[in-house]
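Engineer: Chain residues, written in single-letter form:
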Amino acid sequence: MACLPPRPATASGLPQPRHSRRAIALVVVLVAAVCMLAFFAGFQFFSRTEYRHLERILTNTSLDYLVRAGLNIAEDKLQHERWYGDSRTRGVFEVPSQYLPPQARITIYADDYARAEPRIIGSYKYYMLDHIKVYVEASLRDRTMYGFGKFIMSPEPLFLGKSTQGVDVSFQTTNPASYTFRKMIHVKLLREDDLENIPNFVSLSDFNSRKAMARHIVDEMHLQAKNYARNLLLSRKIKKNLTQTQPTCSLGDLRSLLGNLGGASLPNYSDHQLLNHFILENLKNFFMTTNWVVSERDKEEELRKVRIEIGHFPPDELNSETRRAIQAIFGPPHPKEARPGIDFFPEVRAGPNGSAFAEFLLKQGITAPPDKSPADFQAELCRAITDYDYTCLWQANGVWVDYPGPHGPSSPTRTVCEGGATAFLMYWENRNNPEYFNFAVDGAGVKISQKTGPILRRTNYYLVKPPIFMPLAMVFNFFMKYVDESYTYIPDAVVKNEDNFRIQLPPEESTGSADPDWAGLSG
Amino acid sequence: MTQTAGFAGLRSPPGRAILGYHGGRRGHPQIGVTLVEILVGVALLGLLLVGLKFAIRLNRSAMTSMEKTDLTARLRNSSIIIGRALSLATEFLYPAQVSQNFAHQIIFRNHRNEIVAIFVTDQNVLSMYNYTTDQLLEITPSTLSFKSRLVKDNLMEYRIEIKRDQYHFVIQNQLSTCNTLP
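Read top to bottom, the protein sequences are chains G and Y.
The first sequence begins at 52 in the numbering used here and counts up by one.
The second sequence begins at 39 in the numbering used here and counts up by one.
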C-alpha cells in the first residue's frame, strides 16, 4: 500500500474512503452469486417437483397392478376354499412382503353373504353361501388404492364350513357337486378420491365401511346389466361391420359412424326385461366353463357341444280304465297328458338359430325377454310339465248286495269302496240304474270326494356338455348373481357352527290312515 | 498514458499503469483505476458472463428436461387412463380380430357396459368418447398417432406416439380385461 498514491481528499478535506469503488465490484459479484444460487435452488426445486410428479405416476401404475394382483390372489385362494371359513364369516389375508416390492402392502378382505332363503337338504334347512365380497387394499409409499370383486358360485356351497364347492344338485345330501362354476365378477378399482363419494367410509378394516362401499357399487352393477342389454345390438354390429378406421377423425364423424352402425334402438324395455335380456343373452353364449377367453371360432365349436335335456321322470302308466275314470270325474279334456315336443323338449341341440339355448328359447316361443322378475322367469323357464296327476276318493252307497237282480224293499244294500277304476266305472256308469242302487236308501249313488287335479308334475331341464351335467336353473342362477343382490346379512359376531346355520325340520305330521269307507283313485 | 505523461515527476510503480486523473500537485483527488483493477474487473465480468451463459444453458437444459418429463408424464398418464379403462372392460369391439396390422382406434364396452371409443381427433388430441353417455374426455394433445391391435384373444396392444417441437415419444402397452362375459 505504500506504493499507492495518496487518497484524494474530499470536499471537507478528509481523504475519500478507498473501498467505495471496489465495493461496486463486490456488490456485482454478490448479486451475481445470489442470482446463481437462486437459479440453482429453483432448478433443483423444479427437478424435484418433476421427479415427484413422475414418481406419483409410476406409483399409480404400480398400485393398479398391486390391486389387480390382490384380486387375482383372492380369486385363486377362493377357488380352493375360504381360508377363514372354519369358524368365521369374514377373513383377512396379508400378502407376504417377500412377494412384493419394497414399501408395498396388499391386504385382502373377504365377507361371506348367505342366500336369502335357506334350502332344504335331507331333513335339515341349511343356509347356503350366496356370494363372497372381496376387497383389496394396496398401498405403496404414501399412496393407497382399493379393489372390489364379487366371487360367485353355482351350485351354491353350504354357508357352514370353508368349501366353495357347491352341494349335490339333487339336494338329497350335502355331498359336493361334481362341478361348480366359480368366478370373480364386477371387478372395480377405486382411488382414494373415489372413496370421498362413499358415505360413512372410514377404513377397509371396518366391516361397516366395506358394506358402505359394496352398497355404493351395487347401483353400478345393476347399471352394467342394463347397459349390456341396451348396447348389445350396437356392440355386435361394431364387431361385425367395422373393419377400418382413419388415423384421425372428428367427434362428429365418430358419432355418426357409431350412429349409422347402431340401427334400430332397443324397444323400451322395463327393468325386469333388461335384466332378463342380460341373463338370456349370456346363457346363449355360455359353453359350460367360466374361462371365456377363447376365439370366436373356438367358442362356436364349444357351443355346438352343449345340449339341453329334460331330466329323468317316470313314464305315465295310465291304463284305459283309469283314464276313463278320470275323464268321468274331471270331464274332458282330462286327463291331460304332457306331449313331448310341445309341452316339453326331451333334447335340444345347437342349430341354425345358434346355440342349444338359443334354439331352446325359440322352441319355447320366447322371442323377447319377459316382463317378470328374473327369479319367477327362472322357475318357469328351467323346468317343464311332464305329467298331470289326478286324485280323488269315491264310494258307492246303497248298492244292492246281489245286483243286478230282482230286489225287494227289504233286500240288503251295502257301501262299496273297492275294486279300483274298473269297479268305479261300473258303478259310475250305472249310477242312475235301480238295478244297482236302492234309491230308497239315503245318499244312494256314487259319491266323489277330495277331487284334486290336474296336479302339474314338473321336471328340470339340464344343460349338458359331457362330463358336466348341470340343472339349467343352476346355470341361470349363476348369471342371476350378476344382477341380483338379495342376501341375508350375518352379523360379524356370529360364529359359524351348525346351531347357527342349520335348522332341523319338524317331523312330518302323520296324515292318519285312509278312511276305510272311501276308495282312492289316482293317475 | 498520454494524460499522465504531462505530470512531471509522477511515476507509476513498475507494472502499475495508472489511468485517468489521479491528483497531482494541484491537490486533485486520485480517482483513476489501475490496469490490474480493470483486468480484475474484466475477469470478473467474464466470469459473470460465463456463469450467466452456463446458467442460461442450464436453464434451457432444465426447460428441455422439464418438457421431456412433462411429455413422458403425459404419455404415462394417458397410458394409465387408457389402461385402467381397458383392463376393466367387458369386451373389445374394435379391433375384434387377432391381427398383426394396426388399427387407429379402440372401441370397447367399459365396466358399466357403455360403448367407449379411444381415438385421435382431427386436432391431434388423444380422446376417449363415451357414446352411451355422450361424454368426451380429452386425454393428451399433440398426439401424432394412436394405434391398436388385438395380439391374442382378450389381449389388446396400443401404442401412443406424441410429438411436440423436436421431441418425439412413444409408449406401448398390452393388457387384457378382467370383466369378460361369455
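Heads up, some of the hints might be wrong.
[As the list claims (entries may be wrong)] Calculated lysine-lysine pairs in the BS3-like style (CA-CA distance at most 30 Å, straight line):
#: 1; chain 1: G; residue 1: Lys290; chain 2: Y; residue 2: Lys185
#: 2; chain 1: G; residue 1: Lys290; chain 2: Y; residue 2: Lys190
#: 3; chain 1: Y; residue 1: Lys185; chain 2: G; residue 2: Lys288
#: 4; chain 1: Y; residue 1: Lys190; chain 2: G; residue 2: Lys350
#: 5; chain 1: G; residue 1: Lys335; chain 2: Y; residue 2: Lys185
#: 6; chain 1: G; residue 1: Lys291; chain 2: Y; residue 2: Lys106
#: 7; chain 1: Y; residue 1: Lys185; chain 2: Y; residue 2: Lys91
#: 8; chain 1: Y; residue 1: Lys190; chain 2: G; residue 2: Lys291
#: 9; chain 1: Y; residue 1: Lys190; chain 2: G; residue 2: Lys516
#: 10; chain 1: G; residue 1: Lys234; chain 2: G; residue 2: Lys288
#: 11; chain 1: G; residue 1: Lys516; chain 2: G; residue 2: Lys502
#: 12; chain 1: G; residue 1: Lys356; chain 2: Y; residue 2: Lys190
#: 13; chain 1: G; residue 1: Lys128; chain 2: G; residue 2: Lys176
#: 14; chain 1: G; residue 1: Lys234; chain 2: Y; residue 2: Lys106
#: 15; chain 1: Y; residue 1: Lys190; chain 2: G; residue 2: Lys128
#: 16; chain 1: G; residue 1: Lys288; chain 2: Y; residue 2: Lys190
#: 17; chain 1: Y; residue 1: Lys201; chain 2: G; residue 2: Lys277
#: 18; chain 1: G; residue 1: Lys234; chain 2: G; residue 2: Lys387
#: 19; chain 1: G; residue 1: Lys350; chain 2: Y; residue 2: Lys201
[Unchecked claim] Covered stretches of chain Y (chain G as the covering partner; in silico rule of three or more C-beta atoms under 8 Å from a C-beta of chain G):
#: 20; stretch: 128 to 138
#: 21; stretch: 195 to 201
Treat the hints as calculated values from the structure; they're not laboratory data.
Where a beta carbon is used, it is the ideal one built from N, C-alpha and C, also for glycine.
Engineer: For every hint, state whether the structure bears it out.
Structural biologist: Here's how the hints hold up against the structure:
1. Between lysine 290/G and lysine 185/Y the alpha-carbon distance is near 18 Å, which keeps this suggested pair within the 30 Å criterion.
2. Of the pairs offered as hints, the one joining lysine 290/G and lysine 190/Y holds, with about 16 Å between alpha carbons and a cut-off of 30 Å not exceeded.
3. For the suggested pair lysine 185/Y and lysine 288/G, the alpha carbons sit about 21 Å apart, so the restraint of at most 30 Å is met.
4. Note on lysine 190/Y and lysine 350/G: the hinted pairing holds, with a Cα-Cα distance of about 14 Å set against a maximum of 30 Å.
5. For a cut-off of 30 Å, the pair hint linking lysine 335/G to lysine 185/Y is broken: about 33 Å separates their Cα positions.
6. With a C-alpha separation of about 41 Å, the suggested pairing of lysine 291/G with lysine 106/Y is violated against the 30 Å cut-off.
7. Among the hinted pairs, lysine 185/Y with lysine 91/Y is inconsistent with the structure: their alpha-carbon atoms are about 43 Å apart, more than 30 Å.
8. Distance check on the hinted pair: lysine 190/Y and lysine 291/G sit about 18 Å apart at the alpha-carbon level, within 30 Å; holds.
9. Of the pairs offered as hints, the one joining lysine 190/Y and lysine 516/G holds, with about 26 Å between alpha carbons and a cut-off of 30 Å not exceeded.
10. A C-alpha spacing of about 28 Å is found between lysine 234/G and lysine 288/G, which places the hinted pair at or below 30 Å, so the restraint holds.
11. This hinted pair does not check out: lysine 516/G and lysine 502/G have alpha carbons roughly 43 Å apart, beyond 30 Å.
12. For the hint pairing lysine 356/G with lysine 190/Y, the CA-to-CA distance comes to about 24 Å; that is within 30 Å, so the pair holds.
13. For the suggested pair lysine 128/G and lysine 176/G, the alpha carbons sit about 28 Å apart, so the restraint of at most 30 Å is met.
14. Taking the CA atoms of lysine 234/G and lysine 106/Y, the gap is about 43 Å. The hint is violated against a cut of 30 Å.
15. The suggested pairing of lysine 190/Y with lysine 128/G holds, with an alpha-carbon distance near 27 Å, which does not exceed 30 Å.
16. Proposed proximity of lysine 288/G and lysine 190/Y is supported: the alpha carbons are some 21 Å apart, at most 30 Å.
17. Annotation: proposed proximity of lysine 201/Y to lysine 277/G is violated, straight-line Cα distance about 41 Å (limit 30 Å).
18. For the given pair, lysine 234/G sits about 43 Å from lysine 387/G by alpha-carbon distance, which is inconsistent with the 30 Å threshold.
19. With a CA separation close to 42 Å, the supplied pair lysine 350/G and lysine 201/Y exceeds the 30 Å bound.
20. Coverage of a stretch by a chain is defined here by at least three residues with a beta carbon nearer than 8 Å to that chain's beta carbons; for the stretch 128 to 138 of chain Y and chain G the count is 6, and the condition holds.
21. Counting residues of the stretch 195 to 201 of chain Y whose CB lies closer than 8 Å to any CB of chain G gives 0, which falls below the minimum of 3, so the coverage claim is violated.
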